[in-house]
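K.L.:
Let's have the full structure, built from the sequences with the hints guiding it.
Residue numbers (my numbering), protein chains in the order written: chain A, 1 to 143; chain B, 1 to 143; chain C, 1 to 80; chain D, 1 to 80.
Worth flagging that the hints you see were computed from the coordinates, not collected in a lab.
C-beta atoms are modelled at their ideal positions from N, C-alpha and C, and glycine is treated no differently.
The reader is advised that the hints may include incorrect statements.
[As the list claims (entries may be wrong)] Chain A is faced by these chain D residues, among others (derived, beta-carbon under 7 Å):
#1 Ala9
#2 Leu24
#3 Ser28
#4 Ala72
#5 Gly79
[Said to hold, decoys possible] Ranges of calculated distance between the beta carbons of each label pair, as one might list FRET restraints:
#6 D:His17 x A:Asp37: 18 to 26 Å
#7 B:Glu64 x A:His99: 55 to 63 Å
#8 B:Asp11 x D:Pro48: 51 to 59 Å
#9 D:Thr49 x A:Ala17: 39 to 47 Å
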Amino acid sequence: MRAAIVHEPIDPAALIAEVAHESNGATSVFLGTVRSDNDGKDVAGIEYSAYDEMAGTEMVAILEETRSAFAVEHAVVEHRVGTLAIGDISIAVVVATPHRAASLSAVQYIVEEVKGRAPIWKLEHYVDGTRGWVGAGSREATR
Amino acid sequence: MRAAIVHEPIDPAALIAEVAHESNGATSVFLGTVRSDNDGKDVAGIEYSAYDEMAGTEMVAILEETRSAFAVEHAVVEHRVGTLAIGDISIAVVVATPHRAASLSAVQYIVEEVKGRAPIWKLEHYVDGTRGWVGAGSREATR
Amino acid sequence: MTVTVRLFASYAERLGHSSLSIELPAGSRVEDAVTSLRNMPGGSMLPPTPLVAINRGYASPDSVLSEGDELAVIPPVAGG
Amino acid sequence: MTVTVRLFASYAERLGHSSLSIELPAGSRVEDAVTSLRNMPGGSMLPPTPLVAINRGYASPDSVLSEGDELAVIPPVAGG
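P.N.:
In structure tokens, the structure reads:
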């Protein structure tokens, strides 16, 4: 079980290898990537920032919750911060379990909780030169 | 959208790249791997076989169903046949969509349907030298 | 008429064939073909109404067969 | 007493600081610190009861602060 805020590109294959164990028959993965448009605006890139220390602690707590809820023993979550381009991976959640139901449910749980609880923010940069903080479903234009 | 029975090792990173598109913000993946034990027996490996032509057709039909049900446009499923060792990937399902709910739901749907409908079988080889066909939750010992 | 039968996994193993041709009267149904297969050596292990496919699509026991059809007798599937 | 305030994202941008020290009377609560921040230049954009954390754990407006605490004022999160 490992959770981290990272500053470099995320490598899904490395994370899949990290949770591999001969007792596991199912590995589920979620990757969040930067989309080219959001609510009708053309996105050039996203600047992610975090309250690093607390985000790490919160993500570890979320992984521990999946241990209780779904008996998960092999899971990793990485969230990248910094400036990301279209297609770059912002978050990767990988869970391996003996049977498929637990890994599928745990990935979904972790993704939802990280999005809802981890102190991480995104500043979208648009193709037209404007930018906006994204938060809780609303966007606050700043220029 | 692509579905295939394959005879060579499955490469998850290649499949993730295959469904990538700048409009997608979410990529979900399921990998089935050979476990070291099944119902208390030590597994040495699994021999997968398929009614190749029909399995391919059935998997394509399942992908088309996700297009209707979840508006999925970018999905790939590969199922490997032949002799697999512990840890080898037997099935990979990868779905990329603009938002996360669709990709998570579609992966789960595809996995369940392929397991339930695609004409694919497995013959487990055990460490003790015995073997058994696995099917519909029961195992039929053959030696 | 001649129908090509495909057998798989444990069924192929017990009947000793993965593919064979059987002769049936015109108008025969899937259930008639299955009865014929169950009378072959090893055939008694087939269930009376196994899962079947005609020309790669799932079919039912009373589906009517035609000359040249590919009839697949499908053991419980176990992919994934 | 002295409390370290951490600000992030749009809050840091508007108040022009990502980290600052504020002086508060002993026994002050989170809501007192927030009032103090809202009186700073740019501070009016802070909601009256923002999401907060004390020493990296979520806390409530009436949580009591202690000397040396790290109080984080957290804009709506948007990870993923």
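K.L.:
Which numbered hints does this structure break?
P.N.:
2, 3, 6, 7
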